[in-house]
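Q: In case you want the letters, here they are:
Protein chains: 2
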Amino acid sequence: MANITKKVSWSSRADDSNATGEGTPLLNGSEQLGYSRQQSGGSISQIGRVSTVNMDEEITSEEDSLKGRPKEITHNEKLLSLKYESLDYDNSENQLFLEEERRMSYLGFRCLEISRWVVCGLIGFLTGLIACFIDIMVEQLTGLKYYVVKENIEKFTAGGGLSISLILWAVLNSAFVMVGAIIVAFFEPIAGGSGIPQIKCYLNGVKIPRVVRLKTLLVKVAGVICSVAGGLVVGKEGPMIHSGAVVAAGVSQGRSTSLKRDFKIFEYFRRDTEKRDFVSAGAAAGVSAAFGAPVGGVLFSLEEAASYWNQMLTWRIFFASMISTFTLNFFLSVYNKNPGELSNPGLINFGSFDRNSSSEYNLYEIPLFIGMGAIGGLLGALFNALNYWLTIFRIRYIHRPCLQVMEAMLVAAVTATVSFIMIYFSNACQPLDVVQGEDYPLQLYCDDGEYNSMATTFFNRPEKSVQNLFHNPPGSYHPLTLGVFTITYFFLACWTYGLAVSAGVFIPSLLIGAAWGRLIGIMLPTLSSTNSTGQIWADPGKYALIGAAAQLGGIVRMTLSLTVILIEATGNVTYGLPLMLVLMTAKIVGDYFEEGLYDIHIKLQSVPFVHSEAPPTSHWLTAREVMSSPVTSFNRVERVGTIVDLLSNTSTNHNGFPVVVSNANGEEPAKLCGLILRSQLIVLLKHKVFVELARSKLTRRKLQLKDFRDAYPRFPPIQSIHVSQDERECMMDLTEFMNPTPYTVPQETSLPRVYKLFRALGLRHLVVVDDSNRVVGLVTRKDLARYHLGKHGLEELQLAQT
Amino acid sequence: MANITKKVSWSSRADDSNATGEGTPLLNGSEQLGYSRQQSGGSISQIGRVSTVNMDEEITSEEDSLKGRPKEITHNEKLLSLKYESLDYDNSENQLFLEEERRMSYLGFRCLEISRWVVCGLIGFLTGLIACFIDIMVEQLTGLKYYVVKENIEKFTAGGGLSISLILWAVLNSAFVMVGAIIVAFFEPIAGGSGIPQIKCYLNGVKIPRVVRLKTLLVKVAGVICSVAGGLVVGKEGPMIHSGAVVAAGVSQGRSTSLKRDFKIFEYFRRDTEKRDFVSAGAAAGVSAAFGAPVGGVLFSLEEAASYWNQMLTWRIFFASMISTFTLNFFLSVYNKNPGELSNPGLINFGSFDRNSSSEYNLYEIPLFIGMGAIGGLLGALFNALNYWLTIFRIRYIHRPCLQVMEAMLVAAVTATVSFIMIYFSNACQPLDVVQGEDYPLQLYCDDGEYNSMATTFFNRPEKSVQNLFHNPPGSYHPLTLGVFTITYFFLACWTYGLAVSAGVFIPSLLIGAAWGRLIGIMLPTLSSTNSTGQIWADPGKYALIGAAAQLGGIVRMTLSLTVILIEATGNVTYGLPLMLVLMTAKIVGDYFEEGLYDIHIKLQSVPFVHSEAPPTSHWLTAREVMSSPVTSFNRVERVGTIVDLLSNTSTNHNGFPVVVSNANGEEPAKLCGLILRSQLIVLLKHKVFVELARSKLTRRKLQLKDFRDAYPRFPPIQSIHVSQDERECMMDLTEFMNPTPYTVPQETSLPRVYKLFRALGLRHLVVVDDSNRVVGLVTRKDLARYHLGKHGLEELQLAQT
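As you go down the protein sequences, you meet chains A and B in turn. Okay, so the first sequence: first residue is 9 according to the working numbering, each after it adds one. Okay, so the second sequence: first residue is 9 according to the working numbering, each after it adds one.
Isolated chain A, as found in the complex (with noise of 0.2 Å):
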């Protein structure tokens, strides 16, 4: 199992992550910590009590229904991985560090502030960018593809034999989706999907290998293109955020570790905390580049990552987002042939809703907009559970990288077959003059001056489709259409989800909603037709919206976000009520069945990750009990022996080291004095900083900090520092490198504090002393993720090596 899961895991090809060491495990929690645990107290083992329960059950409904799977398969998300580093929100306040900043004037201070602004729009601007080209790349593709198709089905409509038509659509479309899953696949696996759930992870404080490298920028830029292309049930906006972050991680750093370029510029920005701030805007950016909502971006990204609120960084996160829109709104106005004209902000727009008078709701529809909410929830779980189903089955079999270029291939031909069938039994047949604009009208069998309406949903960028559902008059669509449509479309999004191609989920899941809220908007006046107030429900559009928004909101669970985005897509303050309730609801009526769409993918990794509070019942534990003991320590001037002895057993692949001082008396244990990473103990050993090379060779330089940010974020595997036998017994002083103050709690203090302080200062290691200062434990992501709230109480997940 455990190479299984590793083969399809985000950080993906197994052969990479041991080779660069960094997929190395944080700590020496193996499982029988968890177990270990459980003898410290009646109320503890209540939790091994409960999960063990649970185990137990489900292996049995497993054998009675699958023999011969795995058996741990199914747990695969009660577990958490090891293998994933953390990254270090906190700075190392060294003395180096403090010697830097006391060495800063006012000016410098300044300077740094200008050019964080500076890269902030940057990030914007090539976000912009970006954006701009993926939708024009798109348009012409899809357009040269669409006409191409379309010529063909007409030349064939008279004389028969359409099914060559069928098969150049397929074929079109696989070739297309063909070279997106090549690339995703036997490239970078971690361009694959949204991308959404590795920035989620990036922003809390996961290090998740390789997500914001330049290489993966480019596949996640073509694999979008190409899949959206194929014609695959896609958006490419989800995306957007990845790519946004990725330039951001890019920029800030000054260089480029792929090209080996280094410009020499921000170098003050080489470290986690900056990094973060960094990514933070340009997730922003392109959330605010696909849904022209810079402060739906701002929004989106304090959900995800802000666990302290800095004002300034908030604010330049909203100058990168209005950068990026305002780039992309500009050169799609140029691309258009209409510079200047600003009014399309955003990948994806809603149209104005305050044109036509009826975009106004009335009191008694706010029930039924609730009613529309529980609705989506429901679809919103369903697709959630399907999609986590066949996840399951994609880990255990679709492997393989051919075999997941295959699969994608085949989910295209599969739309594009569905898609003319659809199109070739349906007879809504539309007068052309009702909708002006359609770019592929396809008459078909329709009579001369009609148009097919199913073909229009089919033929049409996504983006185009969700608008017309918005805001087409009514009678534009036969009620059958669209309820063909959103059954076929539901489940096509759902099997397209996870596929080893770049795309998102979004757009799909607008336009489901958007067919089904629609196809409620129609119905509603027949119902209620005996009364005279049907009329007023004469807007299926308003209804469209609705829906749209409570499928979306029920798969992907956002809130405050998510309903910032869409009331900026739709430009119209009115509608934030009824779409606040709405996604309110879906998100309600979901968790109760099943998690959002992007923590099922999170947990399905078993990434490590710390929500934003303690689960409310866990009061009653403490840090004695959840931090991890005994903690392996140095001493403030160690033997480089033991330094390396340490750092290379691959066994406890500790990160994070408390310093100490031993007692006179050397009683046990001793007490802290700083804590020092392994990134900074190899730096030191690289450099040979020992006591005694200082000793003979004066005109040795000093280790600046400078050295430490020449190596980040990259530092090299302990297997690689040569330490000859003479040097083992030197001496290395960290006095002047640890963290000389770490944050510390007491034993006793309860989790939910423990938590909190974690939390909102992003911490990586939280030290845990005794009432005289010794160490005695240390808390890290993984002691306190362990812990959420299933349907049996408080659970405890089991950390594994996978």
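To be clear, the hints were calculated from the coordinates, so they are not data collected in a lab. Careful: at least some of the hints might be erroneous.
Identical chains share a label here; the pair holds if one copy fits it or two copies do between them.
SDA-like cross-link-like pairs, simulated, lysine to any residue; straight-line CA separation at most 20 Å [stated by the list, open to error]:
id	residue 1	residue 2
1	Lys799	Glu121
2	Lys223	His800
3	Lys679	Asp778
4	Lys799	Gly116
5	Lys163	Gly457
6	Lys799	Tyr114
Given the coordinates of chain A, work out where chain B should sit on it, guided by the hints.
A: Chain B only, in chain A's frame:
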């Protein structure tokens, strides 16, 4: 000086603050503290030096210009008052609390969560109702007034004797304002002004006495109606934020101490942590009702309040905001005989900016907008500087309530006179049909079918004037009218802000800015009439909007939240980028000269306000230098007499006490084992929780968390608790009641690190310990708020008992 400051301070009447025990200082931080620190290092003495130089300079210049002034008065804003207490945003997780939490089931937590939502809904609903009430009352009263005055003027226009009209107008205005000023000055001075600085302070963690009481709300609502009806240059939007906050603080506690009613609900919320969360929601609901900007409201609350991002809280705040806008909107639509027409959210809305196609802007206009932002920043700084000197003057000379009432009446009369003179001498006649729906068109000396355009701006609710400036077609206003109006209004608004009336500064700022913005919009085409592009500048409404944003930004210097508020008020995201750029420019330019208006008033009150980040150049300060020491500690089991004596000591009026256990060998300082608050000790003393009594009366009821909640928030002063001589010899066991896990930092922690911990967790007391966990100092709000970045680098404010 101390007396003077006290008289006009927010916490107001001098007789009050000591009697109720609310104004007691927090720490033994006498002014010597500030000086004693100068010895600890070379670099630190720099602070003392710089601020001394500064002081000398100012005194010298003072002596030149104004002899006989009390010298200290100019340093009012260089002091930090000790009279303000802090709020406890960090839960005291003592045994009682933990027991309660552990007893609570998961269902209990769900119920709590649901009641939080209910409370937020109530807050939104009531805030919306209050906004609605204010709006309708103001409309009725001003309508009546304008009708009377207009009739009168028309009666006298032909026959002469307009001076009678003037007197009538002035008397009417003064009468309204007199009522408004009397209730503020005599009954509840804290209700004066907009209340935004007070709410900012409250959310920051400073306890401003009586700021969230029912009486304050009543006076605020009545006061704002009077001052707006009295024709003062004020808005009713700012006070809504304060009103919302009071509603929230009241509703969430489930009782009214003023009315002596306890509904026995929401008892769980009776502590500062929960109350602050609800007050954030209330403030957001206020913003939302005022501007129809629910998202802006959320961001306002976050910008001012949030230290720690809590997803559920933000979502609740958003809910309250939405309900508030919706309620206001709905009831106003009913009042306007158009129920269900929900397109007018907020007390002010800017009207729709997307009807006319000219609402778009071009790339080359952006530099123009930035220039206008700079003008706004300059004018804003001028406004703030003038208001600053005026406030200093008021603090010194106009501190008696009757004088305050007279000043307010004078301003009202002058406002009426100036308006009248301007209408009288203006001959800006406009044909009547240009503007539809003018409520009170005044013909005066214009021809039939025309009206006086100057009168329009004055004879109108200011909100309507702003809308007119934005939307009236080109040619509605004469440039001279706008110029004169700008200047007059600027000085009137400046004079008005800070009067003892309840009123806001948003609308006047918007009006001033809209006037000069529109003026620029009108002038620009004439300047560039040679080229053909002049024609596209024909829409001066766009420039009015930009000008309004620039002026408002230049005065209040809010950033993200203001941008979003303005975007929401215009209902058009297209203007996002220009608005953001304008507000940024206005802030940068303005900050160069003078602080924001609210910050000025906060500083003038010497409030210890903790900003979101430490000053950038403060890395060389450590906890050792910042902390207050020595610290008064208690033993775990302490003699009652010792406790009573310490609490009664008015010179060292501590509020938090570390609890320590002495070593076996009794060495000092002793080891930290907890932290207990003055309020907790007082409840313990009141209930006589003594070890001896517990032994004697076995049946005695155990003290519960409920007893602490019942006493919250008005804990009795120590003087009111009688302790007999026998009881003084009893012992008190603090183990159960102290917080056993207070946050601590080592002495070497740098100031930014201390700051971050303090601010992120909303602490009140941060214990500084040595390497053996022995208490060496205590960091409180004043120790951090003291450091700020002045023009000469890092400066240290002095603490004073004012």
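Q: Hint by hint, say whether it matches the structure.
A: Structure-based check of each hint:
no.: 1; hint: Lys799 to Glu121; verdict: between (47 Å within a copy, 17 Å between copies)
no.: 2; hint: Lys223 to His800; verdict: neither (44 Å within a copy, 48 Å between copies)
no.: 3; hint: Lys679 to Asp778; verdict: both (9 Å within a copy, 11 Å between copies)
no.: 4; hint: Lys799 to Gly116; verdict: between (53 Å within a copy, 15 Å between copies)
no.: 5; hint: Lys163 to Gly457; verdict: within (17 Å within a copy, 69 Å between copies)
no.: 6; hint: Lys799 to Tyr114; verdict: between (54 Å within a copy, 10 Å between copies)
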